[in-house]
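Assembling the complex is the task here: the two chains are given apart, and the hints tell you how they should meet.
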Amino acid sequence: DGGITQSPKYLFRKEGQNVTLSCEQNLNHDAMYWYRQDPGQGLRLIYYSQIVNDFQKGDIAEGYSVSREKKESFPLTVTSAQKNPTAFYLCASSIRVFLEQYFGPGTRLTVT
Amino acid sequence: GESVGLHLPTLSVQEGDNSIINCAYSNSASDYFIWYKQESGKGPQFIIDIRSNMDKRQGQRVTVLLNKTVKHLSLQIAATQPGDSAVYFCAENTRGAQKLVFGQGTRLTINP
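For the protein sequence lines, the chains are H and S, in the order given. Residue numbering for the first sequence is 35 to 146, as defined by our numbering. Residue numbering for the second sequence is 58 to 169, as defined by our numbering.
There could be a bad hint or two in this list.
As the list claims (entries may be wrong) - Across the chosen pairs, the derived CB separations fall in these ranges:
no.	chain 1	residue 1	chain 2	residue 2	range
1	H	E96	S	A81	28 to 34 Å
2	H	Q90	S	P169	42 to 48 Å
3	S	P139	H	F46	31 to 37 Å
4	S	Q102	H	D93	21 to 27 Å
These are computed hints drawn from the structure, not numbers from a lab. Beta carbons are placed, not taken as given, at the ideal position from N, Cα and C, and that holds for glycine.
One chain only, chain S, in its complex shape (with noise of 0.2 Å):
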């Protein structure tokens, strides 16, 4: 399949492990945040979302913290398993920019 990404950060984990994906992001006004989760050749497909007001989000294996003070927002997956391999990106809002600002992403690879 086609890469998504030549150079992208590389996480690697143990299946069965908790994975642990990071994302910094720049404007401090952004308030709401997107998790995407893309498989070689084929389009982002929405993972959880999460609004600046709130710190914490969960959905089924995963969790979404965001931490507004040093802007930095992280995508906690459960129990990885190889259907998790992806590149995973996260994307931000600013309310009134009229647009969402992608991250390049990063490539989750599994062991088993």
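Extracted from the complex, chain H is given alone in its bound form (with noise of 0.2 Å):
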């Protein structure tokens, strides 16, 4: 089956912890997002990967790091820093950049 798997579906932390949340595609796609999901709110991009070893910050990347050492995956730290990082978490691919994006099914972190 080709797609995008996040994992896991459900992370909770503490306070003043990094977490890594997992993307990984095997759409063979060279584009990658990350997206926070708020309640009332639109998605809001976070980071962006149009290719290997290169990514962009996108509208919210305070708080937030990434990598791309591999085509097939684009992994999230959501740092200590992030004041606010409960969310819904949306990783997404594309052939080319900001085309017609394919979704994972999320990551829902608890931060408490």
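Right under this line is the structure:
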């Protein structure tokens, strides 16, 4: 099956801890993205990557970091510097940047 | 399941009727538009897209209409079924802007 996987589906952390969210795709897409979704708001772009070893900040990158060492993988680290990390995190990919994007199932992160 | 939007506009339709979901976009330079469907607790699912050189595009049971004069996009779903219950998002891309801008979403509920 081709698609995007995110793990875990639910994640719980204590305040002050860094946490890494996994995103893997086997669609052979060059571009990958991380979005954050909060109730009552549209998706907001955290980071995106057009190609391996390259990534760009989105609208709300502060407190987050990413890496793109492999085409298939684009992990997101939520650092302790992120002031309000509790949210639903969505990973997506596309053949070329910002065209039709395919989304993973999401990870719900709760920080207490 | 999780709510993706606590205060979203809501559209209620009878099963079997046609649904029309509207979206106003802000940037007259936007040239590519996408509709996504998001079920509770899941990632958005691509429905249909349209480029600005078109004013209508049809898929299976769905039609997207684009009115560039008033910067309005609509998604029509024919013979609405219970499985169509979800939040529907429009997204716009402006050439050179390097991002997709997502709307807040509309919750579609189906009455039996």
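Hints and how they fare:
1. H/E96 x S/A81: 28 to 34 Å: holds, 29 Å
2. H/Q90 x S/P169: 42 to 48 Å: holds, 47 Å
3. S/P139 x H/F46: 31 to 37 Å: holds, 33 Å
4. S/Q102 x H/D93: 21 to 27 Å: holds, 23 Å
No hint from the list above goes unmet by this structure.
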